[in-house]
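Peer 1: Chains as they are written, first to last, in our numbering: chain A, 463 to 825; chain B, 295 to 475; chain C, -18 to 237.
Simulated from the structure, these hints should not be mistaken for lab results.
A few of these clues could be false.
[Stated by the list, open to error] Quick list of in silico lysine to aspartate or glutamate cross-link-like pairs, EDC-like style, CA-CA up to 16 Å:
1) Lys674/A - Asp229/C
2) Lys747/A - Glu721/A
3) Lys469/A - Asp324/B
4) Lys469/A - Glu443/B
5) Lys352/B - Glu297/B
6) Lys175/C - Asp229/C
7) Lys676/A - Asp229/C
8) Lys352/B - Glu739/A
9) Lys762/A - Glu706/A
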Amino acid sequence: MAAKDVKLMKGNEVIAHAAIRYGCDGYFGYPITPQSEVMETLMELRPWETTGMVVLQAESELSSINMVYGGAATGKRVMTSSSSPGVSLMCEGLSYLAACELPCLVVNCQRGGPGLGTIQPSQGDYYQACKGGGHGDYHLIVLAPSSVQEMYDFVGLGFDLAFKYRTPSMILADGAIGQMMEKVVLSEQRPRLSDEEIAERYGSWATCGKGKRKERNVATSLFMDSAELEEVNLRLQAKYRKIEAAEPRWEQIECEDAEYIIVAYGSSARICSATVEMARAEGIKLGLLRPITLYPFPSKAIAALAERGVKGFLTAELNAGQMVDDVRLAVNGAAPVEYYGRMGGILFNSDEVLEVLKSKLIK
Amino acid sequence: MKETIIIAGFGGQGVLSMGKILAYSGVMQDFEVSWMPSYGPEMRGGTANVTVILSDRKISSPIANEYDTAIVLNQQSLDKFEPLIKTGGVLIYDTNGVVNPPTRTDIEVYSIDAASECALTGQSKMFNTMILGGYLKLRPIVEMSNVMEGLKKSLPERAWAYLPQNEAAIIRGGELIRKVR
Amino acid sequence: MAEDIIKAENMVYDKPRLITDTTMHYCPGCSHGTVHKLVAEVIDEMCLESNTVAVSPVGCSVFAYKYIDVDWVEAAHGRACAVATAVKRLYPQNLVFTYQGDGDLAAIGTAETIHAAARGENIVTIFINNAIYGMTGGQMSPTTLLGMKSATTPCGRDSALNGFPYKIADMLAHLDGATYLTRQSVHTPAAVRKCKKAIRKAFENSLAGNGYSMVEVVAACSSGWKLSPVEANRWMEENLIPAYPLGDIKSSTLPK
């Protein structure tokens, strides 16, 4: 029976399995709750003995992101994972990776902040992930898994998008998705690229040693000539417009006839999908729009619902109201957009969200 | 079918692994499952709990507001989760961990004296599977063959030698569970 | 006149093949140009042009990648050893070295340097120690001597106010993973020859998989020190080299 081959795993464990199966060349990390199982699982699985993948525990998140930077510059598929305070330390490196147009994957298993905060789940890093974090005009491709299976799948998707656009991808998960166990189907082992294949495919930029190339490659983000740096920025922005046009991903649940829409992602989207069930049982025409890519944000899908005459939107997120900005921009005044959230590592309940919806929008 | 279970007690009582065995048993029975733990300092001896959901349909939220069944192994957990059991739901508690017994009359209440039994037989490590056996006796939602399969899957290979003892503990748990009201 | 002299048969010295034609930005009297030349020569002599990846720092040698014709990664300030660690782990057959100054390596990059050395990464660090932040305009660095004037120690470095200078290569000698540590200079022809040998030995050590190597070069910064090139060399001989004595600090093998 097929079901017997299904595994039951934690979101964090699954990241480790997915890294190996999707042909990752190197993982560089530093322990932090609630995502330490990623590196622990990798060390248990010992992929250097099977696929040849490098796994290294660095001395800090600063070091791990710069290892990722070095590895990415050579054309290898490299990644790291951390949780909110650790990702703050990585933001400098992310800016460099984006500036040098290097592909890589970073997993943020968010916890409550600001500061040392709590180890409980939160979505307080939406701004950091989607609006910068590091310095300068850059974006990451940000994927928001809402199940353990998506944690697995998005490792592959994150790497593919990162290499397609030569830009860092981030999986923006949270402690709840990282720590929970669900059924997961693992994919077939994808082989790692050989050094020769990398030289062939990425020879125009990878700094893996000149090999047969005549011209050397340099990974740098330093441009002392302002005109030259503006050119670099314009090139980056053109790439981001392409990503915004081609890559938004979202899921719509019961949206066809919906009069009200909840917009929620990740673990809060799971909670809100139960809210939709409860509302429908009461005869309220409620739908859920779940952004899967937070950058690029599915603005057009939300705008289309607003144009169709949805009476109101409620953004539910585990923070003080961050994604709600993007929902308001998408709706552009066509309908009221309200926010509800909890902070500090507290998850809202599905009935709590329904009450807020009723009081703020239905009245 | 959808069963939402909270298992709660002290860290070290095997709360999380009991949930894992139950969840894996559900996988063997082709159910959709979710296992959502409390995590953090609890891992080092404080209170621990895990929400397990078994369902024949896709599970929307892995986080529950109320439970069909609560299995509580200490007083704090009883105090916390007794009010959150659905009307008509089930509460199971270990007699040794609870000083003030449950008071609700709109739920079914059961007790199991697993701690004493384990102390008597010197098999303290079978405590959680014994409790699980008690639960499965009341709610046979998963076939015993799938429970054994789930048990095997959730244990590391080095612990497979203890599978027969675990099976015996599950059966013994079914014999020990008593209805309080 | 010049046409009569510039003939192949008259050539006694040439620019190393792996030094690019880009005009260097270094000041007169700076040691960087000489060390670049040595690094380029050793890479060429060891036939490593096609499989070298170098990591440049933030500081005066930030543009090192413009001058030596191999693949380069420009690291964020201080992170060169972390960057090099990953490159080397992913391409173990490559020569991977970092080129860093005292600010980059011994201040902001101390953690990355120490841990790469402690792990015994098979990389080489070329460490240019001129006891000052040259690029940003001559501020105090961790290796600035007591009493030495800089933009941030206008009355001279005072230990009560600014702490003490330290010898990072000596500190690294305590680490099992660091197996070849040497301090050189390039202020005389003899010193240049010795320094080149040291660089070659370090490259060989890393390619042999014998752990971390560092070649520290006590270097002159005439601009930062506000001295003429000749005075700078003299000042270095009289002050900097006594504080950072030349010679091998450690030459060993990795413990079993």
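Peer 1: Please go over all the hints and tell whether each is borne out by the structure.
Peer 2: Now the hints, each set against the structure:
1. Lys674/A - Asp229/C: Status violated; Cα separation ~36 Å.
2. Lys747/A - Glu721/A: Holds - the C-alpha atoms of Glu721/A and Lys747/A are around 5 Å apart, at most 16 Å.
3. Lys469/A - Asp324/B: holds (12 Å)
4. Lys469/A - Glu443/B: Given pair Lys469/A, Glu443/B holds - Cα atoms ~13 Å apart, limit 16 Å.
5. Lys352/B - Glu297/B: Since the Cα atoms of Lys352/B and Glu297/B sit roughly 12 Å apart, the hinted pair holds (cutoff 16 Å).
6. Lys175/C - Asp229/C: The given pair, whose Cα atoms are some 11 Å apart, holds under the 16 Å limit.
7. Lys676/A - Asp229/C: violated (37 Å)
8. Lys352/B - Glu739/A: OK: Lys352/B and Glu739/A at ~12 Å, within 16 Å.
9. Lys762/A - Glu706/A: At roughly 10 Å apart (the allowed maximum being 16 Å), Glu706/A and Lys762/A satisfy the hint.
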